[in-house]
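Following the hints, position chain Z against chain U.
As given, the protein sequences belong to chains U and Z, one line each in that order. Going by the UniProt record's numbering, the first sequence opens with residue 1, and the numbers climb by one from there. Going by the UniProt record's numbering, the second sequence opens with residue 1, and the numbers climb by one from there.
Worth flagging that the hints you see were computed from the coordinates, not collected in a lab. Some hints here could point you the wrong way.
One copy or any two copies: either way a pair holds, since identical chains are not told apart in the list.
Below, simulated PhoX-like cross-link-like pairs (lysine-lysine); rule was C-alpha separation at most 25 angstroms, straight line [stated by the list, open to error]:
| no. | residue 1 | residue 2 |
| --- | --- | --- |
| 1 | Lys323 | Lys134 |
| 2 | Lys269 | Lys214 |
| 3 | Lys307 | Lys269 |
| 4 | Lys98 | Lys316 |
| 5 | Lys316 | Lys80 |
| 6 | Lys201 | Lys36 |
| 7 | Lys269 | Lys12 |
| 8 | Lys36 | Lys80 |
| 9 | Lys269 | Lys80 |
| 10 | Lys98 | Lys269 |
| 11 | Lys80 | Lys98 |
| 12 | Lys331 | Lys244 |
| 13 | Lys316 | Lys36 |
| 14 | Lys161 | Lys2 |
| 15 | Lys98 | Lys4 |
| 16 | Lys80 | Lys12 |
| 17 | Lys244 | Lys307 |
| 18 | Lys36 | Lys244 |
| 19 | Lys80 | Lys323 |
| 20 | Lys80 | Lys331 |
| 21 | Lys36 | Lys98 |
Residue-level listing of the chains:
There are 2 protein chains.
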Amino acid sequence: MKLKINRSEFAKAVAIAQRAISSRSTIQILEGFCLKAADNIVTLIASDTEITIKTQLSAIVDEGGDIVVNARLFGDIIRKFQGDTIDLSVNGTTMLLKCEQSTFTLQCQSTDEFPLLPSFEIDHDFTLEGHTLKEAIRKTSFAVSLDETRPVFTGVFMDLKNDGIHFVALDGFRMAFKTVDVTTEDGSAIIPARSLNELLKILGDEQVRVQLSKNMAMFSTDTTVLYTTLLSGDFFNYEALITKEYATEVEVDHRSFQASLERASLLAKEDRANLVKIEVSSDQLKISSNSEIGNVEELVPCTTIGKPVRIAFNSKYLLDGIKILESESLKLHLTDSVNPCIIREDDLSYLYLVLPVRLAEQG
Amino acid sequence: MKLKINRSEFAKAVAIAQRAISSRSTIQILEGFCLKAADNIVTLIASDTEITIKTQLSAIVDEGGDIVVNARLFGDIIRKFQGDTIDLSVNGTTMLLKCEQSTFTLQCQSTDEFPLLPSFEIDHDFTLEGHTLKEAIRKTSFAVSLDETRPVFTGVFMDLKNDGIHFVALDGFRMAFKTVDVTTEDGSAIIPARSLNELLKILGDEQVRVQLSKNMAMFSTDTTVLYTTLLSGDFFNYEALITKEYATEVEVDHRSFQASLERASLLAKEDRANLVKIEVSSDQLKISSNSEIGNVEELVPCTTIGKPVRIAFNSKYLLDGIKILESESLKLHLTDSVNPCIIREDDLSYLYLVLPVRLAEQG
Numbered sequence: 001m002k003l004k005i006n007r008s009e010f011a012k013a014v015a016i017a018q019r020a021i022s023s024r025s026t027i028q029i030l031e032g033f034c035l036k037a038a039d040n041i042v043t044l045i046a047s048d049t050e051i052t053i054k055t056q057l058s059a060i061v062d063e064g065g066d067i068v069v070n071a072r073l074f075g076d077i078i079r080k081f082q083g084d085t086i087d088l089s090v091n092g093t094t095m096l097l098k099c100e101q102s103t104f105t106l107q108c109q110s111t112d113e114f115p116l117l118p119s120f121e122i123d124h125d126f127t128l129e130g131h132t133l134k135e136a137i138r139k140t141s142f143a144v145s146l147d148e149t150r151p152v153f154t155g156v157f158m159d160l161k162n163d164g165i166h167f168v169a170l171d172g173f174r175m176a177f178k179t180v181d182v183t184t185e186d187g188s189a190i191i192p193a194r195s196l197n198e199l200l201k202i203l204g205d206e207q208v209r210v211q212l213s214k215n216m217a218m219f220s221t222d223t224t225v226l227y228t229t230l231l232s233g234d235f236f237n238y239e240a241l242i243t244k245e246y247a248t249e250v251e252v253d254h255r256s257f258q259a260s261l262e263r264a265s266l267l268a269k270e271d272r273a274n275l276v277k278i279e280v281s282s283d284q285l286k287i288s289s290n291s292e293i294g295n296v297e298e299l300v301p302c303t304t305i306g307k308p309v310r311i312a313f314n315s316k317y318l319l320d321g322i323k324i325l326e327s328e329s330l331k332l333h334l335t336d337s338v339n340p341c342i343i344r345e346d347d348l349s350y351l352y353l354v355l356p357v358r359l360a361e362q363g
Numbered sequence: 001m002k003l004k005i006n007r008s009e010f011a012k013a014v015a016i017a018q019r020a021i022s023s024r025s026t027i028q029i030l031e032g033f034c035l036k037a038a039d040n041i042v043t044l045i046a047s048d049t050e051i052t053i054k055t056q057l058s059a060i061v062d063e064g065g066d067i068v069v070n071a072r073l074f075g076d077i078i079r080k081f082q083g084d085t086i087d088l089s090v091n092g093t094t095m096l097l098k099c100e101q102s103t104f105t106l107q108c109q110s111t112d113e114f115p116l117l118p119s120f121e122i123d124h125d126f127t128l129e130g131h132t133l134k135e136a137i138r139k140t141s142f143a144v145s146l147d148e149t150r151p152v153f154t155g156v157f158m159d160l161k162n163d164g165i166h167f168v169a170l171d172g173f174r175m176a177f178k179t180v181d182v183t184t185e186d187g188s189a190i191i192p193a194r195s196l197n198e199l200l201k202i203l204g205d206e207q208v209r210v211q212l213s214k215n216m217a218m219f220s221t222d223t224t225v226l227y228t229t230l231l232s233g234d235f236f237n238y239e240a241l242i243t244k245e246y247a248t249e250v251e252v253d254h255r256s257f258q259a260s261l262e263r264a265s266l267l268a269k270e271d272r273a274n275l276v277k278i279e280v281s282s283d284q285l286k287i288s289s290n291s292e293i294g295n296v297e298e299l300v301p302c303t304t305i306g307k308p309v310r311i312a313f314n315s316k317y318l319l320d321g322i323k324i325l326e327s328e329s330l331k332l333h334l335t336d337s338v339n340p341c342i343i344r345e346d347d348l349s350y351l352y353l354v355l356p357v358r359l360a361e362q363g
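Next up, chain U with everything else stripped away, as it sits in the complex (with noise of 0.2 angstroms):
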C-alpha cells in the first residue's frame, strides 16, 4: 500500500471510523481499523460486533492494499500531524506514517482475522432527511430502558405505518414516541440505543438511506455506512398508551416549567424517589417536594382548561422529556392523579408520556 491524503479529511473520516471502536473489547483484532486503499479511495472499517462503521474519502492511491492498525493510536496520531498531507505507505505488515518533519513506523496485522462486513437480505429500503432521523432519535433515544434483562426496551422500536414511521422508547415509566412523515411497506425494527447514539453523532444534514432486515439495519449517506444489529423480541403495544382523552389541558412556558421543576427537582433529589407534587389551579401550577432538609414551592403561571388536578411524578423522568423540547410553551394532557401525563410542543408528531407516582395520601 502507498498513498497520499489530505491530513484534515483523514482525520475526520478516522473520528467517524473511531465510533465503532469499543474501549473495552475482548478481541484483540477489533481494536483496530481495517484500512483499505484501491482506486484513489482510502476506505476505513471498525466493528464491536453489534455495530461496524465503514467511511470512505478520495487519496491518491500508487499501490492498493489492506492492513490492520491500532485504532487509538493511529487516530491520535493522524490528529496531532500538522502538516497537509501525509504519506502512508505499508510493507509486509509495517506501516510507515510520514507528515513534514515527523516520521512514524507503526508495526500493524494482515487483514486475514477481520470480520468481514455483513451481509442481509434487505426487507425495507427508504431515505430520510439526515436532520429528520437526528431529531428522531434525539427526542426518543433517551427515554430506553436502561435494564439489560429487557433487551428490547434498551432499544428504538421503529414502526413502520401508514402514516410513517412511528419512533418510540418507553422504559416502564415514561414513553417518548416520533412520527416521521415518508411512505414504506409495514414493517418494524428495534435499533438498540447505543447505535442511534453513535449514528447521532456521524450524521449531518445530508440524505440517509435506511436499509433494514430481519436481523440487521444500514444507514448509509454519501461516504460512510453504519450497520447496526437488531434487538429481536416483541415490543410493548405503544399506541395503547397513546390515548387523546383527557380532562384537563394545561399550557405553560416551557422555560418557566423546566426552571421551576429543576429548582424543585434540588430538594426531590435528596430523597432517592425525586418525588415532586404538582397542583393545577386555573391559572397557575403549583410545584411541591419535600425532603428531610427541608421544603420548596414554586408557582407557575398557566392557561388551564378543565378541572384541578393533583399529581405527583418523579422529578428526573419529567425533566429529561422537558429538556429536549423546543417549543416556547407546552401544553400537559392530564385526567387524574392516577394516569399519565402527556407532554406536547408545536410540533405535534412528538409527544412525550410520564407516568405519575401514586401518593398514599391522595384519596
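Below, chain Z alone, put in the same frame as chain U:
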C-alpha cells in the same frame, strides 16, 4: 436574620466560599457554610480544616444573625434562582429563601459547633499584584510531588529573599522556579499546592495581601480571605540545582517543539517509562521514541551554540513544563546526558529544570 441580597452577586460569593467545602468531609458541620449578617454585610465562611475561606458582600440587612446551612444544596438553589433579588430570613434554625415565585424552607444548624476563624501572630506581611501571584502559582504548583509520604514536597516553597520571593516546586524528577520582585524580610513558608490551586480559582487581578505566620498563611483581597495551614519540615536546597554553567544552548520554536514532543509521547506512553530521546546537533533536534508497537522520529529546526548532546527524558516531565510557558521561543541549557536540562523562556524570572533518564546503551 432577615435580609435582601442581589442574586448574581450572592451566587458569585457562594461559588468562592464553596471552594473550601470538601466533598468528603468527615465533620458534618463542615458540609455547611457559616452565614452571618450584620451592618448591611453578609459574610460566608467555609472550611475543610486545611483551607478556610471567608468572603463578604453588601446586602440590606433588616435583622442580623448567624446560621449554618448545607453548602452544596444552598449553592445549587442560589445558582438556579432566576430573579434579581433574594429574600432570606431565619427563624430558629429554619431558613426561608424567596426569589420571585420560588420559596424554599431549609433546616439549618446553629453556629455553635462551627470552628472559629484561625487566629495567629503575623511574621510577614506584604502585597502582590493578583496577576503576579496567579502566574507564580500557575507556573510552579503543577510540579509538586503527589507523594503524601513526604508531605513538604506536596507544597510550593515560598522563599523570602533579598532579591524577591522564590516560588519553588519539585518532586525529585523536575523543578519549577519563579522569582517575584517584592521587598520583604527573610523568611519562608511551604504552602500546600491544593490551597494555592483553590486560591488561583478565586483571585482576580486585584491586589493580594499575603500574611505569614509559623503555621498559617492568609491571602486577602478586598472581599475575600483564604487561610491555609502550612506544611512543616525542611525543604530541599534547591539553589544548588540552579547552575549557571552549561555546555550547549539550544534555541527552539516553542510550539513546534511542544507538538513534536506530544507526537513522540504518543508512542512513549505505550510503555510505562514515557521515554523520549533527544539528539541535539548544530541546526536540529531529533526526537525519537520506540515501543513494541512502533517507532517515531521527529525533526525540529533549532539554533545550537556548543557541542552536540544526546539525552533522554520522561516525556511527561518535559511536556508539563513546556505547556505552561508563553514565549514564542525557548532556550534549553544542557551539559551532557546525565546532568539536568534547564528550560528558559523570555521571562528570565522563571526556569524549569528536568532530570534526564540515564540510558544503559549510552556511553
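Hints, verified against the model:
1. Taking CA atoms no more than 25 angstroms apart as the test, Lys323 paired with Lys134 passes inside one copy only; the shortest distance there is 16 angstroms, against 39 angstroms between copies.
2. Proximity of Lys269 to Lys214 under the C-alpha cut-off of 25 angstroms is found in neither arrangement, the shortest distances being 42 angstroms within a copy and 44 angstroms between copies.
3. Taking the shortest alpha-carbon separations for Lys307 and Lys269, neither the intra-copy value of 30 angstroms nor the inter-copy value of 66 angstroms comes in at or below 25 angstroms.
4. Taking identical chains as interchangeable, the C-alpha atoms of Lys98 and Lys316 lie at most 25 angstroms apart only when they sit on different chains, with a minimum of 24 angstroms there against 51 angstroms within one chain.
5. In this assembly of identical chains, the alpha carbons of Lys316 and Lys80 lie at most 25 angstroms apart only when taken from different copies (16 angstroms versus 40 angstroms within one copy).
6. Taking the shortest alpha-carbon separations for Lys201 and Lys36, only the intra-copy value of 24 angstroms comes in at or below 25 angstroms, while the best inter-copy value is 49 angstroms.
7. In the homo-oligomer, the alpha carbons of Lys269 and Lys12 lie at most 25 angstroms apart only across protomers (24 angstroms), although the nearest pairing inside one protomer, at 40 angstroms, exceeds that limit.
8. Proximity of Lys36 to Lys80 under the C-alpha cut-off of 25 angstroms is restricted to the intra-copy arrangement: shortest distance 22 angstroms within a copy versus 52 angstroms between copies.
9. Only between protomers do Lys269 and Lys80 lie at most 25 angstroms apart by alpha-carbon distance; the minimum there is 15 angstroms, versus 43 angstroms within a single protomer.
10. For a Cα distance limit of 25 angstroms, the shortest separation of Lys98 from Lys269 across copies, 20 angstroms, qualifies, whereas the shortest one inside one copy, 54 angstroms, does not.
11. For the homomeric pair Lys80 and Lys98, the shortest alpha-carbon distance inside one copy (12 angstroms) is at most 25 angstroms, but the shortest distance between copies (52 angstroms) is not.
12. Taking the closest pair of Cα atoms, Lys331 and Lys244 come within 25 angstroms of each other only inside a single copy of the chain (13 angstroms); across copies the shortest separation is 75 angstroms, beyond that limit.
13. For the homomeric pair Lys316 and Lys36, neither the shortest alpha-carbon distance inside one copy (46 angstroms) nor that between copies (34 angstroms) is at most 25 angstroms.
14. With identical chains, the CA atoms of Lys161 and Lys2 are never at most 25 angstroms apart, being 49 angstroms at best within one copy and 62 angstroms at best between copies.
15. Taking the shortest alpha-carbon separations for Lys98 and Lys4, only the intra-copy value of 10 angstroms comes in at or below 25 angstroms, while the best inter-copy value is 65 angstroms.
16. When the C-alpha separation of Lys80 and Lys12 is checked against a cutoff of 25 angstroms, the pair qualifies only within one copy, where the shortest distance is 13 angstroms, while the shortest distance between copies is 38 angstroms.
17. When the C-alpha separation of Lys244 and Lys307 is checked against a cutoff of 25 angstroms, the pair qualifies only within one copy, where the shortest distance is 17 angstroms, while the shortest distance between copies is 86 angstroms.
18. In this assembly of identical chains, the alpha carbons of Lys36 and Lys244 never lie at most 25 angstroms apart, being 54 angstroms within a copy and 55 angstroms across copies at closest.
19. Proximity of Lys80 and Lys323 under a CA criterion of 25 angstroms is satisfied inter-copy only: 15 angstroms between copies versus 36 angstroms inside one chain copy.
20. In this assembly of identical chains, Lys80 and Lys331 lie within 25 angstroms of each other by CA distance solely across copies; the values are 24 angstroms between and 49 angstroms within a copy.
21. When the C-alpha separation of Lys36 and Lys98 is checked against a cutoff of 25 angstroms, the pair qualifies only within one copy, where the shortest distance is 18 angstroms, while the shortest distance between copies is 64 angstroms.
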